[in-house]
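Whole structure, please, built from the sequences with the hints as guidance.
What follows is the residue order along each chain.
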Amino acid sequence: MTVVSPDEVLRVEDLHVEFTVRQGRVGRKRVLKAVSGVDLAIHRGRTLGLVGESGCGKTTLVRTICGLQKATSGHVYIDGQDLGRLSGIELRRIRPKVQVVFQDPYSSLNPRMTVAELIAEPLRINGCYRPERIDELLEFVGMTPAVKGRLPAAFSGGQRQRIGIARALALDPEILILDEPVSALDVSIQAQVITLLKRLQDELDLTCLLIAHDLSVVRYMSHDIAVMYLGRIVERGPRDEIFERPLHPYTHSLMAAVPIPRPEGREERRRVHPRGDVPDPTAPPSGCPFRTRCPRAQARCALETPPLVAQETPRHAVACWFPGPPGDWHQPLDEATAARAVEA
Amino acid sequence: MSTAPILMVRDLVVDFEMPEGPVRVIDGVSFDVYPHEVLCIVGESSSGKSVTMLAVMGLLPRAGRIVSGQILFKGRDLRAARPAELSRMRGGELAMIFQDPMTSLNPVIRVGKQIGEIIRQHNRRLDRRAVRARVVQLLKQVEIPNAEARVAAYPHEFSGGMRQRAMIAMAMANDPDLLIADEPTTALDVTIQAQVLNVLRKMRESRESALVLITHDLGVVAETADRVVVMYCGRVMETGSVEQIFNDPRHPYTAGLMASVLRIDAPVGDLHMIKGQPPIATKRPSGCPFHPRCGLARSPRCETEVPALRSIGEGHLAACHFAEETPDWIARELPQILVPHLEILP
Amino acid sequence: MSAPLSTPSNIAVASNRVRAATRRRPRASVVLALLMLVVTGLMIVIVPFTPIYSPYGLDLAHSLMPPFTSWTHPLGTDSLGRDMLSRLAVAGRTSILIAVPALLINMAVGIILGLVAGYFGGLANTMIMGLADLQLSFPIIILLVMIVAVVGPGAKTLVIVLGVTYWVRYARLARVMALSLREREFVLAARTFGGSSFWILRKHIFPQLLSSLAIVGSFDLGVIIILEASLSYLGLGIQPPTPSWGRMIFEGQDYTSRDIWLVVLPSVAIFLVVASAQILSQRFTGEREAQTSVRTV
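Chains as they are written, first to last, in my numbering: chain A, 1 to 344; chain B, 1001 to 1346; chain C, 2001 to 2297.
Source of the hints: derived by calculation from the structure; they are not laboratory data. Hints may contain errors.
[Claimed, not checked] Simulated restraints, written as ranges between beta carbons of each label pair:
1. C:Ser-2029 x B:Gly-1295: 55 to 61 Å
2. C:Leu-2131 x B:Tyr-1154: 36 to 42 Å
3. B:Asp-1011 x C:Ala-2275: 53 to 59 Å
4. B:His-1156 x C:Phe-2120: 44 to 50 Å
5. A:Ala-302 x B:Lys-1283: 57 to 63 Å
6. A:Gly-149 x B:Ala-1331: 43 to 49 Å
7. A:Thr-20 x B:His-1156: 17 to 23 Å
Every value quoted in this text rests on a predicted model; they were computed, and no experiment measured them. We treat Cβ as the ideally placed atom computed from N, Cα and C, and that holds for glycine.
Structure (structure tokens):
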């Protein structure tokens, strides 16, 4: 029995989530390891930014944390309670503690329900409906209560996202999960919504898990950052340390890949990208999952999976046999390494 | 550039038919594209950036109608061209790639065959073997691994990034003079986006095609553009070289965008917000479309008079009555733009 | 990998509405359908209160009177002198009173089974869909005839029997709707609030079915009426002396050489009701198509 400190709102321990999939209709059954041994903890009042591209397992991880997906093994503790040990009823009672702001403002709100009904839904389900609460929440997110009677179609993406945020805050959750909250929005609106989230983060002392596929969003709001690749956390640490001294080659490539809105220096920045494509998650590479695209891969990387261990400072952990700053990243790859990297 | 533009668009006006009457979606757009250059059209949703290029290609949806304006491609009037002529140009001298390759690639035809068809349409003399060889060569150029085998694959067997690169191969197959790419990387992951843009750049440079890249991502613009057109609500707000636009924005909208974009090379501070929402096409503001959200707007002029796109520097045009005052305004209100930037990677 | 989605902007939705808008003016067929329904409806409702009402009164002296020849019998009399108009009215009432509950039973059974099968999947889905396949593989008429033969004919039997013949349609609709909606983000959201499956089915999935129900339901009403008429024709439906359109056709068969109205009148009555139901069903379909086709710009 693990003792979870009272400060840890969320704790994930050695979580594995696997699916059996069938290739085509009559193909063999394969095992898809969406999440492979993830450890995480978020303390009260902190925000963890989880970054990873499609196929890295962050969606599955989030769903497991929300209780929408059953773990194959491992534990998820919300406020000390192990989700895996809860019955259906107990699980439902714990739901108000974990609320989600979804990615797509166009499909996370039922188009036939008015704003008032949408925000009221969590309150009604949990028997704590008060009409004043709806007004409160709308004002919280910078909208006037006058819009209560309208349908989602009357609002823009940014406004719908605000409604989603208001709804997620309705139950005073212990932890707020933000699933790519701005990626579906226009640039000028992204700034508005991020600023709103930051304000709420401060005013309400929220504990958040922020999921994103690119680093620039995560940077604005997170205290700590974790990078995922093919179901594993490959690097983790305080935000500034990760940005100033990224140690995992995948983190380097994520940073190098973000286009920077400054024309000067773009020749030098000509982004070096990892070669090849993300491997098939049902047939991941042996050893380190990133080795097929990594410029530093050596023989050892194919034989043993590197564990996530602290490097340099106790809170900064990396899963790599050859961690280190980017340094040689911008050197052209030699032909042999390049050839190896491409044969994914 | 002393050469003539390869594409000239002048005062393009496009309406869409609605039950209440026609709605103006493009309200007088003008810009030039020069040979071999990269022009980025940047705007948010409902800015009309995609519709503009669809109009140029003759691919407007049924409800869309070009009301007036000129579209000259290599001196030829595209509006007057007969549909057969336009068809011939598309895929040949003029190519376009879209955001979602899954809907532009035929899912039931093998990739190699689709690319081969385009090649054959514009090169009737080539025999099957030659076409196949060219297809394989193209796939290799866009960094599709195992090109020989992949020729026989179906689109769904490719990943998103690979499909988009296959689209690039298809578009570049006949060495077009102008390639239009409509948000080609928007639906892709960040590292895949980098890869696709790299491939696009390589292919374009080797063929010396001009590229019009439509995007909402200012980072992509900075990294790829030679010149930039900033659109808002169906009009051009500002146009100029990429350095001019990023270092000396003269339209408050451009400046606002610069200041509100999320970036990793600036210290984490307060983001600037452009207040309000982009208007919908049916409720276009009077006068300057940006005036309800503009920090520099002054009544009555901004509300009543539509600003013309006028020259404020060499090759630098802005549609703002007060473009001369913008730098001071930026210094006062948006100092973020002027802050020195961090080096992200050594 | 998700950036500003192509929002279903006003422009795109509207350009489809243009095409729909031109159909907005009430079509001739709809007007006709409503007219037919009104006429039949009036007949059914008003006639019983008129002085000429006499569906059972035998009057052999005045048997086989042609229609439009007398004020006391506007639509003539049958072979036993009973007033045709009254009989048609009563028959109509009976038909509606049987068809509507039967339809509702079909809907209720189908929707519940379909929602359960679609939302929960697994064993429930397999069993329910298996049951559906079983039902569909049986020719309906034979099934009904068998049941009626065993249980004995009568109005109540008829309602129940008709009520379980068409549930599969609704089950399929509900199942597909549940399947397609259960992974939608707003359903996931409801689960994160602690919403029970019942809550989700009731508040999020069922309301989306209503427009389809209108389409299929109105169509099926016509089908059920015809089925009932067929059964009555065969003598397995509504029993004499209660008149029914189907039975009236049967009784009038022998007189077709001369007194053809005995067969024509009930047939016309059936036609009016069923055709108008089907036309309205078409109208609902058209409206739904106009609403749901959205292209993005």
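Cross-check of the supplied hints:
Judged by the Cβ atoms, the range 55 to 61 Å given for Ser-2029 (chain C) and Gly-1295 (chain B) holds: they are separated by roughly 58 Å. Checked against the hint of 36 to 42 Å, the C-beta distance between Leu-2131 (chain C) and Tyr-1154 (chain B) comes to roughly 38 Å, which is consistent with it. Between Asp-1011 (chain B) and Ala-2275 (chain C) the Cβ separation comes to about 56 Å, which falls inside the hinted range of 53 to 59 Å. For His-1156 (chain B) paired with Phe-2120 (chain C), a C-beta distance near 30 Å fails the hint of 44 to 50 Å.
Against the hinted window of 57 to 63 Å, the Cβ-Cβ separation of Ala-302 (chain A) and Lys-1283 (chain B) comes to about 60 Å, which satisfies the hint. For Gly-149 (chain A) and Ala-1331 (chain B), the Cβ-Cβ distance of about 44 Å falls inside the hinted range of 43 to 49 Å, so the restraint holds. Roughly 21 Å separates the CB atoms of Thr-20 (chain A) and His-1156 (chain B), a value that falls within the hinted 17 to 23 Å.
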